[in-house]
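Asker: Could you put the whole structure together from the sequences, leaning on the hints where they help?
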Amino acid sequence: MKIKNNTLTVDATDLKILKALQEDARQTYANIGKRLGIAHSTVYDRLRKMERHGIIKQYTAVVDGEKAGLKSITALMTIYTDPKESERVAEELSKTPKVLEVYASLSEELLIMAKVVAENQEGLHAFIANSVAPLPGVLRIRTSIVTKKFKETPFSITNDADKLHL
Amino acid sequence: MNMENMPKSLKTFPREKAFYFFTSIGNYTGVSAASLKEFVEKINEVNVKSLEFHLCRGDFEKWIGETLEDKELAEDIRKLQKISLTGDALRNQLYLTVSKRLRRLAAQIGQPQP
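So the sequence lines, in the order shown, correspond to chains A and B.
Per the numbering used here: the first sequence ends with 602, consecutive numbering throughout.
Per the numbering used here: the second sequence ends with 115, consecutive numbering throughout.
No wet-lab data here; the hints were simulated from the structure.
Check each hint, because a few of them may be wrong.
Stretches of chain A that chain B covers, calculated by requiring three or more beta carbons in the stretch to come under 8 angstroms of a beta carbon on chain B [to be verified]:
(1) 551-563
(2) 566-577
Anything over 12 angstroms on all C-beta distances counts as not near chain A; from chain B, calculated [what the hints assert, rightly or not]:
(3) Leu-11
(4) Lys-12
(5) Thr-13
(6) Arg-16
(7) Glu-17
(8) Gly-27
(9) Asn-28
(10) Asp-60
(11) Ala-75
(12) Glu-76
(13) Gln-82
(14) Gly-88
(15) Arg-92
(16) Tyr-96
(17) Arg-104
Here a beta-carbon is modelled for each residue, glycine too, at the ideal position from N, C-alpha and C.
Answerer: Rendered as structure tokens:
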């Protein structure tokens, strides 16, 4: 772990700690230390530093909405935008709680892609018609409602090809 | 007639109150209308699937009744919904209904008829 210009650079030990934490964020510092062969105080110190520098954004619970009985639909929106306004469109979408993820892509046209949740199809349509279509710079919108989810995982340390061989 | 006395149906609305044409749930065509005059023009331009989608859902009737506050035209549109028109027959009938109303409103306030 190195700090240069107030930026923290993680080393192999930090990555091992992060990997252990991503497998089970509720395990103790002692347990992580034991697995990695380092002192629990080292685990504690490194985690605090990574929290302070925003490398660890939050500790959260991954909820299966379906099993929790929450009725909602998920849709993926592709928003074709005027290039001059696309940044603002993306920023406005990002402010909305219904919108879970927002991406920009430069393919043939400048696109904003967003993942959105709504209580039902009518709620989804009302949101897009009243809050997305009227945004300045929106040229047209294509929306696909998700009917089946095959995989959904948050970013993991092991997704980084260079760090796979820890 | 001054602007304050102009029927709401002849006014131009801000973009958040405009009508946005979709072809299905969440699929926006890029065509919108911020006034009744624009709306009648767009009836002839937009994909007919969009007209079918909105008529079936009662969206035209709702926008015209609630935003433009033109209850008479909203009722005429509701009648169109009942006869289940599709395709160009729907486009033509919708155009006739709205343009007729627009001409009548324009005549009322002494504007050149569209």
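Asker: Kindly indicate which numbered hints from before are broken by the structure, ordering the numbers from low to high.
Answerer: Of the numbered hints given earlier, those the structure breaks are 6, 7, 8, 9 and 10, listed in rising order.
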